[in-house]
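> With the hints as a guide, bring both chains together as one complex.
Chains as they are written, first to last, in my numbering: chain A, 1 to 415; chain B, 1 to 408.
Please keep in mind that the hints were generated in silico from the structure rather than gathered at the bench.
Here the structure is a predicted model, which means the values were calculated and not measured.
Positions of the beta carbon are idealized from the N, C-alpha and C atoms, including for glycine.
Accuracy of the hints is not assured; some may be wrong.
What the hints assert, rightly or not - Below, in silico cross-link-like pairs of lysine-lysine (DSS-like), each with a Cα-Cα straight-line distance of 30 Å or less:
{"hint": "1", "chain 1": "B", "residue 1": "160", "chain 2": "B", "residue 2": "121"}
{"hint": "2", "chain 1": "A", "residue 1": "279", "chain 2": "B", "residue 2": "75"}
{"hint": "3", "chain 1": "B", "residue 1": "231", "chain 2": "A", "residue 2": "168"}
{"hint": "4", "chain 1": "B", "residue 1": "75", "chain 2": "A", "residue 2": "377"}
{"hint": "5", "chain 1": "B", "residue 1": "217", "chain 2": "A", "residue 2": "194"}
{"hint": "6", "chain 1": "B", "residue 1": "191", "chain 2": "A", "residue 2": "377"}
{"hint": "7", "chain 1": "B", "residue 1": "217", "chain 2": "B", "residue 2": "160"}
{"hint": "8", "chain 1": "A", "residue 1": "194", "chain 2": "A", "residue 2": "214"}
{"hint": "9", "chain 1": "A", "residue 1": "141", "chain 2": "B", "residue 2": "120"}
{"hint": "10", "chain 1": "A", "residue 1": "279", "chain 2": "B", "residue 2": "121"}
{"hint": "11", "chain 1": "A", "residue 1": "141", "chain 2": "B", "residue 2": "160"}
{"hint": "12", "chain 1": "A", "residue 1": "141", "chain 2": "B", "residue 2": "121"}
{"hint": "13", "chain 1": "A", "residue 1": "194", "chain 2": "B", "residue 2": "336"}
{"hint": "14", "chain 1": "B", "residue 1": "231", "chain 2": "A", "residue 2": "141"}
{"hint": "15", "chain 1": "B", "residue 1": "336", "chain 2": "A", "residue 2": "101"}
{"hint": "16", "chain 1": "A", "residue 1": "341", "chain 2": "B", "residue 2": "75"}
{"hint": "17", "chain 1": "A", "residue 1": "214", "chain 2": "A", "residue 2": "168"}
{"hint": "18", "chain 1": "B", "residue 1": "217", "chain 2": "A", "residue 2": "141"}
{"hint": "19", "chain 1": "B", "residue 1": "231", "chain 2": "A", "residue 2": "194"}
To be verified - Residues from chain A shown here face chain B by an in silico Cβ test under 7 Å; the list is partial:
{"hint": "20", "residue": "135"}
{"hint": "21", "residue": "237"}
{"hint": "22", "residue": "283"}
Claimed, not checked - Pair by pair, the computed Cβ-Cβ distance ranges are:
{"hint": "23", "chain 1": "A", "residue 1": "217", "chain 2": "B", "residue 2": "408", "range": "43 to 49 Å"}
{"hint": "24", "chain 1": "A", "residue 1": "227", "chain 2": "B", "residue 2": "323", "range": "55 to 61 Å"}
{"hint": "25", "chain 1": "A", "residue 1": "250", "chain 2": "B", "residue 2": "305", "range": "44 to 50 Å"}
{"hint": "26", "chain 1": "B", "residue 1": "61", "chain 2": "A", "residue 2": "392", "range": "46 to 52 Å"}
{"hint": "27", "chain 1": "A", "residue 1": "80", "chain 2": "B", "residue 2": "136", "range": "20 to 26 Å"}
{"hint": "28", "chain 1": "B", "residue 1": "367", "chain 2": "A", "residue 2": "409", "range": "56 to 62 Å"}
{"hint": "29", "chain 1": "B", "residue 1": "211", "chain 2": "A", "residue 2": "409", "range": "51 to 57 Å"}
{"hint": "30", "chain 1": "A", "residue 1": "392", "chain 2": "B", "residue 2": "136", "range": "39 to 45 Å"}
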Amino acid sequence: MANQEIQTHTIGNGLTVIVEPMADVQSAAFCLLVPAGSNYDPPGQAGAASVLSDWIMRGAGSRDSRELSNELDNLGLQRNEGAGNSHISFTGATLAESLPKALRIYAEIVQSPHLPDDEFEPARLGVEQSLRAIEDEPRQKVLVELRRRCYEAPWGIPSEGTLEGVEKLDAAVVRKHFENCASPRDAILGIAGKVDVAASIALVEELFGNWKVKPEPSFTRGPRGPQRDHIPHESTQTQIGIAYDSVPYCDPDYYAAWAVVGVLSGGMSSRLFTEVREKRGLCYSVFATLNSLRDQGRVLCYAGTTVERAQETLDVTLQELMRLGEGISEDELDRCKARAKSSLIMQQESSSSRASSNARDWYHLGRVTTLEEVREKIEALTVDSLLAHIARHPAKDFTILTLGPQPLEVNLGVS
Amino acid sequence: MEFHEARLPNGLQIVAERSPSVHSVALGFFVRTGARDETDEVAGVSHFLEHMVFKGTQRHSADDVNRIFDEVGAKYNASTSEETTLFYAAVLPEYLPQSLDLLSDIVRPALRQDDFDMEKKVILEEIGMYDDQPTYTAYENLMQTHFAGHPLGRSVLGTKESIGALECGQMRAYHEARYVAGNLVLAVAGKFDWPDLLARVQTSCSAWPAGAPRRTKAEAHPHGGLKLVTKPNSLQQHIMQMSPAPPGESIMRFAADILTVIVGDDSGSRLFWEMVDPGYAEAAELGYNEFDGSGAYMCFFSCPPEETAANVERVRAIYDDVNRNGVTDVELAQAKSKVASRIVLRSERPMGRLSSLGHNWLQRQEYRRVEDDLATLRNLTLADIRKLLDAYPLAQLTTSAVGPLESL
Chain A
1 MANQEIQTHT IGNGLTVIVE PMADVQSAAF CLLVPAGSNY DPPGQAGAAS VLSDWIMRGA
61 GSRDSRELSN ELDNLGLQRN EGAGNSHISF TGATLAESLP KALRIYAEIV QSPHLPDDEF
121 EPARLGVEQS LRAIEDEPRQ KVLVELRRRC YEAPWGIPSE GTLEGVEKLD AAVVRKHFEN
181 CASPRDAILG IAGKVDVAAS IALVEELFGN WKVKPEPSFT RGPRGPQRDH IPHESTQTQI
241 GIAYDSVPYC DPDYYAAWAV VGVLSGGMSS RLFTEVREKR GLCYSVFATL NSLRDQGRVL
301 CYAGTTVERA QETLDVTLQE LMRLGEGISE DELDRCKARA KSSLIMQQES SSSRASSNAR
361 DWYHLGRVTT LEEVREKIEA LTVDSLLAHI ARHPAKDFTI LTLGPQPLEV NLGVS
Chain B
1 MEFHEARLPN GLQIVAERSP SVHSVALGFF VRTGARDETD EVAGVSHFLE HMVFKGTQRH
61 SADDVNRIFD EVGAKYNAST SEETTLFYAA VLPEYLPQSL DLLSDIVRPA LRQDDFDMEK
121 KVILEEIGMY DDQPTYTAYE NLMQTHFAGH PLGRSVLGTK ESIGALECGQ MRAYHEARYV
181 AGNLVLAVAG KFDWPDLLAR VQTSCSAWPA GAPRRTKAEA HPHGGLKLVT KPNSLQQHIM
241 QMSPAPPGES IMRFAADILT VIVGDDSGSR LFWEMVDPGY AEAAELGYNE FDGSGAYMCF
301 FSCPPEETAA NVERVRAIYD DVNRNGVTDV ELAQAKSKVA SRIVLRSERP MGRLSSLGHN
361 WLQRQEYRRV EDDLATLRNL TLADIRKLLD AYPLAQLTTS AVGPLESL
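Chain B with its partners taken away, still in its complex shape (with noise of 0.2 Å):
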């Protein structure tokens, strides 16, 4: 593995991770802009602006964006988080070029009226199919209820009347200030040649207009809550529930990650054995989501709704012992094993090198290889995880509940 980085004069930045063992490339454009970055009036522009990137350029039209992807048999897409909007291709090594030369047009966009008018109502329709997941709407209401008055309580798709009342000079402006060149990122993970690529890049983006806009990164502090939907017809009771954890640019973000494998991986985890072995619970996890400058501990499940009551007791449980008493050396180990394995495989695509290389230069301005990541895990120590677990104990703060009861 070879690593390149440059910065263009504008202040795009530019890292590449070279294997040339692969068959093929991963390009994409990280983009330091999500939900958490908009104001009420144009709440869901962020998501809304991702699919109007495929609308075209003067250069493209929309049916140019889609059939040149398809031609040189892309695998590509696009997504919009609470503070990362991410364009992204996989090729193979002789499609870079054409690749290259239409994302980095992409995310200039023409944004004409007629095209923004008709997607909107692809996004209205995209909002109606998210309601109808239990999932999706715990996961937006435990977001807004635990981040209540911090930007990133923000939601990623916003309203019908949000979206509904959206102008289009509106997301030309937020593009304006957001899609800045020292806002972007270009990863490249793959077989491909550095100086070539370099060249192509400072054709094709040298013009973007310069800046970098701020962005309010203070830790959130939030307060909990309970956001209850009662939905008569659901069959399942769906409960996510949230508490403060190390923000993404922490060291403890390391221990957060294992100690989170450990009790609330898919399975072989406490809330495994606890919860879904004894047929409890359909799923019980527990993840850990860095964002800039907050962290948060995420617990999900789903279980009958007679058996709530319960398992966010065997939850309560789990978490008080193991913030008194922490977890056992035997547990560390295993959670080492598979964490390893994962990095490893996962590291095999070159799409599966690009997230990690674009995000933890996007938010960190680091690069990690493989055996960094590897390295780091096998010195992870039971004191690494105590130390977390008093900065960051495991909790219940804030609740969110989708199914059919009425009360929590």
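So here's chain A without its partners, still in its complex pose (with noise of 0.2 Å):
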């Protein structure tokens, strides 16, 4: 593994920058996570964070909604912005000479954005419709709607918003999230690609130097939705939906933790792959993938298939959860090793992985982790150590979730 320079800084209002210089791309990237997510949201006004992450670009600084992105285009930047639960983030990625320009922009956005009245109403339908485009899609559906009943509120609700809430949203209440929650501190801004490290953060010195603080806002916690649940829906497939508790990405067992979703699902070889749509044909689509949030995680699984066979498939998909326990091979451990590596060796080839990759970490962790550590850290791993974590942590407790003209029965009786 090629050795990584990767510098943190963190400036006095709390933003922590953190650059990892790229000595083979011509491009570069950034990822700006501001804590303004959807856990603030106001309750029963769930869409706060969403809309404003769309209002906020409508023109900030000395520029107005059309200016901004025209200028935006002109460097060639490829961008993104969205909330997540924590934060609201912003990517973006172009060749390198135009990194300086695009954060420049940027530190305005977030800092003195115009949020215009008569932009608020368009922002808003644009995120209704995006809500209602997902009520169309059931597979989207089905996994919006389980994560709402493994995590409590707020960490639960959707991101997105929902449609009762964004239909109740005004823009003063959207301008109050931003001005409570878009403050420097727990700001985090991962850069990478064909940069000069020290450079890099004397911008964002200059840029974010005097972003004001703001107190931390408080959320409020809340119920999570019934373990079991079935939603009626008129289609061909029935949608399957379980979760049960597995450990944040923080958790020193994280690695096990993942690795023995990997057995589960990563690749063609794996379980679920092998069993459910290998050797019975049951679905096209079925797999299981590691959720983490800063101190709770969840493995959620997916299956969806069309409805006589959608029994069996619970059924088949359950049974490869709980018998997890009963043993690893070795081949399969060594399986996950691999994919691991590849996936470590690829990142090096993307600015904008690596930029998201070390905010991300820093979010979690408060710090950064090489690659070559998590290289290290997986080569560490062995079946005792994966059955050990399934011992401390089984796939037990299932949130049920099902989405499709009929319900199921859950059959935990067998294994």
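Dropping the structure here:
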């Protein structure tokens, strides 16, 4: 693994910048996380962060909405912005020489957005429509609803917002969300690519140094949804979502948890793909993934299958989860290690991956892990350490949600 | 970057672009076959066959195929379109020999009856899955209506009926006819040693049967039409529209690409400012689809049903204006900046280069460096766009709609 020179620096107001120079690319990328995520949406008005992430792009500093967009396009910036639970994220990538100009504009977006009244309703309508589009896509819908049932509020509430919530939002509420939350405290800026470390840090000091700190906002906790549920839906397939508790990214057990999910669902030789799809032909799409918040984690599983085969799909999937503790082979673990090694190395080809990955590390761990460090941790995994992890965090107490024409039975008796 | 090409005596072509600064290598077999090369009796066979390729050969069982790819940590998959079937993997350079050995073995699959029967269930599930996705339904119906009577109007997935009735023998015959050496291109991008690579390809692929099947390439002359699917429980109306654009061989394809960025990129375009920014539509995009011998502009938008008629009108007004007055210098310069940066970013990863390398060679026997793409882009003028619009104006010829509306 190549040597990485990652430099982190926290400026006076709390913003942390992480810079990773990459020798072999022409591009540079950034990932700016502003702690104004959907966790701070006012109760009953889910979607404030989501609408803000659109509205905030509609003019800042000396530029109105159209000038701002044109200028970013002229810089060739490929960009994205959106609300997550904890942060609103702004990401962008372009040719390295254009990055400083892009950062200059983003500094204005987060510190002095216009949030013009006449642009509020279009921003709100855009979010409302993307939520309506999710209602029309059962695959997306079941995963959004599964989160609501396996995480307490606010973490389980969709960070995109809800239709009921977005309907009730007005400009004053969303502006208040910005004023309360958009602050350099706990803000993180990852920069990676063909960049100079000292110059990048100096630029960030200059652009973000005067960003005012605000008191930490609070959020309200609430219950999660029902552990067993069915949402009636006229569709060809039944969508199945299953969740159970695991560990978060900051947990020392994280890499073991990652490998166990890899045994279940990493690559086409994994257990779910083999048992559910290859051997039985029950689905086209079946997978499990490890989802992590800062202090809690879940394994989320998905399968979509036609109505008459849905019961068998659910039964087989649950059995695969429950028999994890019975044993894992050396070969299965080796395949996980091989996949990890190649993705770690391939990450070095993408400035966007590195910028985002470093920012995410800082949020979860308060430090950055090098690729070499991750490689060592994965190499150190053994079948015994995986089984010990499963003993501590067995697949049980499932949250199960189905969406489709008919509900299913949950059969946990066998194994 | 260093380019190599070779042709085996049986007709298999190999194109390879070496970039020593990357950390991985991507390789893919591009097969010149897809839905347009099928007949009614075997509708959907290209895509079904793509799945069967992973079910193994005389030398490798289905389990072996998945296991070996995972053992080398490959990122691998396959895809089938109207005209190309692609099998690819991205791996660390030390695993190139194993990956090439496996990939070149599986494109000549055993096609065992019991695997065929099992995988048929998966295909039927895939059809069911897409059936629940309004955008996919809209696309299928659009292609079938726009290209009615032309091979490009054939469905990639086929139907429940055509897949249900398909027999393994028919698939074997299709494979025998279409997967002959002259109908495949092997593309490799990233870190590799050319003499070693070529020697390995010679060992693995020299015994393949020769041949180069024909394809009917006549340019389509669509008559247009409307296909409406009413889904009373949908919340959004999904609309797709198509009209003729330059064929994939045409020099005008570069102008068509940039024109669609100006008019219909997902942000900062005319459609964006008129429809998405004001909140009239959730998404509104225009793209250029190039095919062998034909081409199409394809517009997509999704909006509340009651906003549909007004949005169709907005698209029409934009098209009218562009057809009549062209685009501006400022728009062209801005689109060039966006596209140049996309080209460079995509090319930083071997997987990004693979697609361009393989498709250019398969479709046009052409190698284009990143610098060539950037130079062509730089040299595009308003006159090129005018010429394009005169030959292929933007139009709303064919419409496909999925959503609550009962009429349009």
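> With the threshold set at 30 Å, check whether the alpha-carbon distance from residue 336 of chain B to residue 101 of chain A stays at or below it.
Judged against 30 Å, a Cα distance of about 18 Å means the pair holds.
> Let me know if the C-beta of residue 237 of chain A comes in closer than 7 Å to any C-beta of chain B, holds or violated.
Interface hint status for residue 237 of chain A: holds (5 Å vs cutoff 7 Å).
> Looking only at beta-carbon atoms, does the pair residue 250 of chain A, residue 305 of chain B fall within the given range of 44 to 50 Å?
holds, 46 Å
> Within a Cα-Cα threshold of 30 Å, do residue 160 of chain B and residue 121 of chain B meet the stated pairing?
holds, 10 Å
> Hint validation: residue 135 of chain A versus chain B, beta carbon distance must be below 7 Å. Holds or violated?
holds, 5 Å
> Mind checking the hinted window 51 to 57 Å against the Cβ distance between residue 211 of chain B and residue 409 of chain A?
holds, 54 Å
> Taking 46 to 52 Å as the hint, is the beta-carbon distance of residue 61 of chain B and residue 392 of chain A inside that range?
Hint violated: Cβ distance 36 Å, outside 46 to 52 Å.
> Residue 231 of chain B and residue 168 of chain A were given as a pair; does the straight-line alpha-carbon distance stay at or below 30 Å?
Cα-Cα ~27 Å, so holds.
> Are residue 217 of chain B and residue 160 of chain B close enough, with their CA atoms no more than 30 Å apart?
This hinted pair holds, its Cα atoms lying about 28 Å apart.
> Hint check: residue 231 of chain B vs residue 141 of chain A, CA-CA at most 30 Å. Holds or violated?
holds, 17 Å
> Is the hinted pair residue 194 of chain A and residue 336 of chain B satisfied, with a Cα-Cα distance of at most 30 Å?
holds, 22 Å
> For a C-alpha distance cap of 30 Å, please report whether residue 214 of chain A and residue 168 of chain A respect it.
Holds, because 26 Å separates the two Cα atoms, which is no more than 30 Å.
Taken one by one, the earlier hints fail for this structure at numbers 5, 8, 18, 19 and 26, listed in ascending order.
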